[in-house]
Amino acid sequence: MREIATRLIRNPLGVAGLALISFALFLAVAGPFLAPYDPTQFHVRARLQGPSAAFWLGTDQFGRDIFSRILWGARSTIVFGLTATMLGTTFGMCIGLVSGYVGGRADEIVMRLIDAKMAIPNLLFTLLILTVLGGNATNAVIAVAIAFTPSMARITRSVVLSERTRDYVNAARARGESSAYIMFREILPNVAAPVIVESSIRVAFAVMLGATLSYLGLGVQPPSPDWGLMIAEARSFLQRSAWLALWPGLSIAVVAIGFNLFGDGLRDALNPRVGEA
Amino acid sequence: MNAGVGNPGGSSGLCIEGLGIAYQTAAGQRQALSNVSLTIRRGEILALVGESGSGKSTLAYAILRYLPPEAVALSGSIEFDGRDLLRLDDAGLRDLRGSRIGVVYQDPSTALNPTMALGEQLLESVRRQQPSIARAEAVARAEALLRRVQLGDANAIMARFPHQVSGGEKQRVMIAMAIAGSPSLLIFDEPTSALDATTAAEIVDLIKDVQAEYSTAVLYITHDLASVATIADRVGVIYAGTIVEEGAAEAVLRLPRHPYTRALLNSVPNPFRAGQRRRFELQHAAQAAGARAAGGCKYRWRCPAAIEVCAQEPTLEPVGADQRVACHRATEKGLDLRSAVTRATFAPRTAVDTSQALLSLRNFAVMHGRRAGISGFFGGRDSRVAAVDGVDLDLYAGRTLGLVGESGCGKSSLARAIVGLLPSGGDVVFDGQPVPPGAWRAHSFRRDVQIIFQHPDQALNPRMRIGESLKRPLKLYQANADVSLDHRVAEMLERVHLSASYARRFPHQLSGGEKQRVAIARAFAVNPRLVICDEITSGLDVSVQASIINLLSDLQDALGTSLLFITHDLNLVQHFADEIAVMYLGRIMEMRPASAGTLPPYHPYSEALLSAAPVPDPDVQSRRVRLSGAIGPRSFSTVGCRFTARCPRKIGEVCDARAPTLEGEGGHRIACHIPRSELASIPPIWQVHGKLETGTNSKQLISARNETLNQA
Amino acid sequence: MSAAYLLKRLGSAILILWLVSFLVFFITQILPGNAAVMILGEFATKETLLALESELRLNDPWWHQYLRWLRGIVTLDWGVSMRDHVPVMPAVMLAFGRSMTLAALSLVLVVTISIPLGVFAALNRGRCGDFAVGTLGYIGVSIPEFVIATLLIVALARPELGWFPAGGYEPVQAGLWQWLRHFILPVLALTIVLIAHIARQVRSEMVDVLRTDYIRTAVLKGLKPWQVLLHHALPNAMLPTITVVALDIGYLIGGVIVVEEVFAFPGLGRLLIFAVQNRDLPMIQAAAVVLATLYATTSLLSDLLYAYFDRRIVYA
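Chains as they are written, first to last, in my numbering: chain A, 12 to 288; chain B, 10 to 721; chain C, 1075 to 1390.
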């Protein structure tokens, strides 16, 4: 593990990603304390202003301070991305591990169901689920987690299938170890690393998907400060103040770039052969 | 043969002078080759022998100027046809590659473009020589080349894709591509190491044949010193990027001067020592810190004869008629390189009680593949085939049974089925108790029968510390609370000559040989009665292999364990097994006691295997027996003898109609329709030419030579 | 590729479509427990709920409901919109045609730009060009379509510029340019992410191929660099790209939904969002099944294409 960390530090992609993510995490934790204004407070006389000394990034149509809203929004965005991905990864990993190791008919059935889910694009799938559950932040997390589960299960399963033919697994079977021991103690530690790498890239997708759902009105609800929602609310005012869309758009992109870079850096650190940029 | 030493020999051929190459890494420069000087004249084959990481491939690709960008040439020159290759520009290089220099690679299955027909790939080489040639003419030329490399059905081969032909056929196509430009230098980069023994022997024949016709200079890179005697005129031995010994192949093999060459030659299994259970000469493990240090003799860190003067770098000095050695002590008389460990012998064999076998298999069968599941509904079919069937084997307590066969013969399936990793049929009796069919095994059986696998990289869980891996069998089978597990782990490591500190390491911090030692320690942890070794040395260098075999034999002598040793290397099992089973396509062809040595009678397949095994001795000539066709599931008759399609001694319809059974007395049984007396009267495979005529005396000659070798 | 493989692959595509239909139905109609509440909202009166339940026959066992629904889907009787009370089928098909045009234009643009870009980056590995493509790639894959679309409107669809409309749709009858003008910004918004993604995949495929032994063989045969590239590297690198493109079509479909919403483009995506907002169950189900069928069909096609070009494996 330590070697992977050093290799990650030596990797320029990983370092850039790590820096961006650390910055975003810092904002998620400290943002609300740093915000100069209450994110929901109206400044009626200062509506749709550009950046100024009083309002660093300008104000929106209600005169709310965009900088404060961006700072507050960091928390919901990061929490959304991490929770949804972690839930999806955990479910997916369990399903993939058991299905891949046990094999046979049960595996066949699980795989066909996963294929069916994979035939429905993620956005469409989350839309369907939110139609049923009702659009709010918690349900959006659940919807994205469910949408991610099958692909994580499939990735886990493919790693399990290659691991289970390895001789250390054969040795454990010949030794007479129980299936549970082999799955969770022998195979799982070897599966976890590549799967976590995959899921770290997926955080970027989750952030983007979450923002899209908020934009469509099915995620975070007003008046909460959320980046996707901020763009949706600004739709009618864009021709008067482009800042309204620019700042939250930029913020989403920075976080997504951070996780993309970090994930790729992690992947390279784990698999040095593909390592060169 | 005895032209002046170090004489470039005119402008034809290849002359490397003082070549030094380093790789630029994050930690600084790593020297890959230093001060390498070699000459290959036209019409000469030079074999470059070295273990993995010795820099032999770097040298080959330096000649072709195909090295990764991190590689920098520090010094020297590579002169070829009067030009220095290190100073050639891109156009000049392109002109050279594929026309003046041809290359054949290690693994033909990755060296050919998988999405291009073989014919197209060969045509590229043909057209590269004559770009204006008409297609029909180019095709005719390509087909002629394919016939030249003895691919009979040239027309059909042209249309095939790489995955549709066998490994041997692919390598023949590679050779055809290499000779398309009538090159004056051919480079072979371990051309046979990915092939089976019988196929490899054919490829070696072909290489010699082609070389004689074109009278090219040949650089033949190999890790296998034994094969040198068959192919090379000259041999260069490379260690840690330096040439330590160079000379006429005969001279070097007859009287190696460098301690490394001697150790290498002594760790090659020599079939003339069959049945003697002689210890391999061991190389001392390198002291890690010094291995890559600059200055001085590179080998001094492993050399049992190292003295103070070795801290100065030795130069290649002529010794004898046609031999150069880089060693300060090369000419000293009576230099004994054997350590006390090496001089010890194994315990002599006592008579075995053959009334009851420890493990008996009767009519044993293994099915492979999968039943059609849900996919059967959509056209998936039941794809199960018999990997092994009708096998009878007996294994006695404290003895070693060597099971030999080529890839795909079912030997690994047999091993896996015995321990219950694959479902099997037939009767298995272990220690007098019948073992039920299927994959279930009793607790006591799992304790008493252990298995060690081929790939050391896979055998240990990469995320588990060595100590953790070693504790598992103890936890499962020995609930002995008196001794702490850590203490037991230290003992186990000591048993395989590793220090107790290894318990805290992870597998990737160990070398291949060390990993395999840990796997052996784990297998012997609970004092099993039988250990199955499935190709456990095939991924290792010969010197490491030798130490592993010594270790196994020591453990067997100490604990009385039976060994089932599975390998593709006939010479290796001949060296230390008590009994040898030869397997072909899921059946046992022959059971021979090691005491039968290398003398007839042989099963025709064993005969071919023996003929294909290289002997590291210039005075031994082996009779050529070559098989036709390729091994494969479709090439066997279901009712007749499995070997009939490729058998050079097939006698007639009876071979196709009825499967022969193992018959014979004195533990030497052969499954063949040819009468035993006839098989016994065929000449032996190996003969020492010139000096002595009969097989028995040749054995004495060899052992006498081995003695002089150690005291030269 | 044999006829048996074709049949087998077709069979599994049908199986998957059937499972997809089940999944869509299960999520939208079974999962909520009470679809009537979902449709009418939490504040509906008891009478209207009961009326709707009996109209939809929601009290039947679920498999009865499913079979009835499936029969409808298969026989192209997709019901009546609960909001506009118009038949679902024609509305969906009209919108679907426009969405397909949008997606197809985008895909053509993506493939023609991203593949040369990826190859270019791989050939210049470690140099400026590679770095530039890599950086743009990271930015491209990290901006959601709705952000790109919004920024495009802000930058290129200002009324004072008069270059492009900020949204909407004109039929071809209004003139080819008028029709095309409405596509340009949506297509741009859809392609940026995909170009970035596919170019990166092509690059890494190409880098792997350039490292293989058979490329070494080709170089050491003395072939010219363009021969190595055209005859050996490209064919092998393009094969996995087929799969990547097919997978990205799923992403493209998601993108179409969002981008249509941003540009008020009257396609299937906007129809779906509108239906979701109005809880128009038959419309949602029909649109979802159509989109999923589209995706399943493209992955079937890509598999067949792959099998056709791949020489290595026997597809039996």
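Please keep in mind that the hints were generated in silico from the structure rather than gathered at the bench.
Computed from a predicted structure; not experimentally measured.
From the three backbone atoms N, C-alpha and C, an ideal C-beta is built for every residue, glycine too.
Hints are not guaranteed to be accurate.
As the list claims (entries may be wrong) - Short, incomplete list of chain C residues facing chain A, as computed with Cβ under 10 angstroms:
1) Ala1078
2) Leu1081
3) Val1094
4) Leu1097
5) Ile1227
6) Ala1229
7) Gly1236
8) Phe1238
9) Arg1353
Said to hold, decoys possible - To be clear about the criterion: a stretch of chain C counts as covered by chain A if any three or more of its residues have a C-beta under 8 angstroms from a C-beta of chain A, and this derived list gives those stretches:
10) 1179-1190
11) 1331-1338
12) 1344-1352
13) 1359-1366
Going down the list of hints, with the structure as the test:
Checking Ala1078 of chain C against chain A by beta carbon gives a least distance of about 19 angstroms; that is not within 10 angstroms, so the hint is violated. Look at Leu1081 of chain C: its Cβ only gets to about 17 angstroms from chain A, farther than 10 angstroms, so that hint breaks. A hinted interface residue such as Val1094 of chain C counts as satisfied when its beta carbon comes closer than 10 angstroms to some beta carbon of chain A; here the least separation is about 5 angstroms, so the hint holds. With a least beta-carbon distance of about 6 angstroms to chain A, the hint placing Leu1097 of chain C at the interface is held under the 10 angstroms criterion.
Nearest Cβ of chain A to the Cβ of Ile1227 of chain C: about 6 angstroms, under the 10 angstroms cut. The hint holds. With a least beta-carbon distance of about 8 angstroms to chain A, the hint placing Ala1229 of chain C at the interface is held under the 10 angstroms criterion. Because the beta carbon of Gly1236 of chain C sits about 13 angstroms from the nearest beta carbon in chain A, more than 10 angstroms, this interface hint is broken. Checking Phe1238 of chain C against chain A by beta carbon gives a least distance of about 14 angstroms; that is not within 10 angstroms, so the hint is violated.
Evaluation of the Arg1353 of chain C hint against chain A yields a held restraint, the C-beta minimum of about 7 angstroms falling below 10 angstroms. Coverage of the region 1179-1190 of chain C by chain A is violated [criterion: at least 3 residues with CB-CB distance below 8 angstroms; count 0]. Requiring three or more residues with a Cβ within less than 8 angstroms of a Cβ of chain A, the coverage given for the region 1331-1338 of chain C holds, as 3 such residues are present. Only when three residues or more bring their CB closer than 8 angstroms to a CB of chain A does the claim for the region 1344-1352 of chain C stand; here the count is 4, and the claim holds.
Only residues whose beta carbon comes within less than 8 angstroms of a beta carbon in chain A count, and the region 1359-1366 of chain C has 3; three or more means the coverage holds.
In summary, the structure is inconsistent with hints 1, 2, 7, 8, 10 from the numbered list given earlier, while agreeing with the others.
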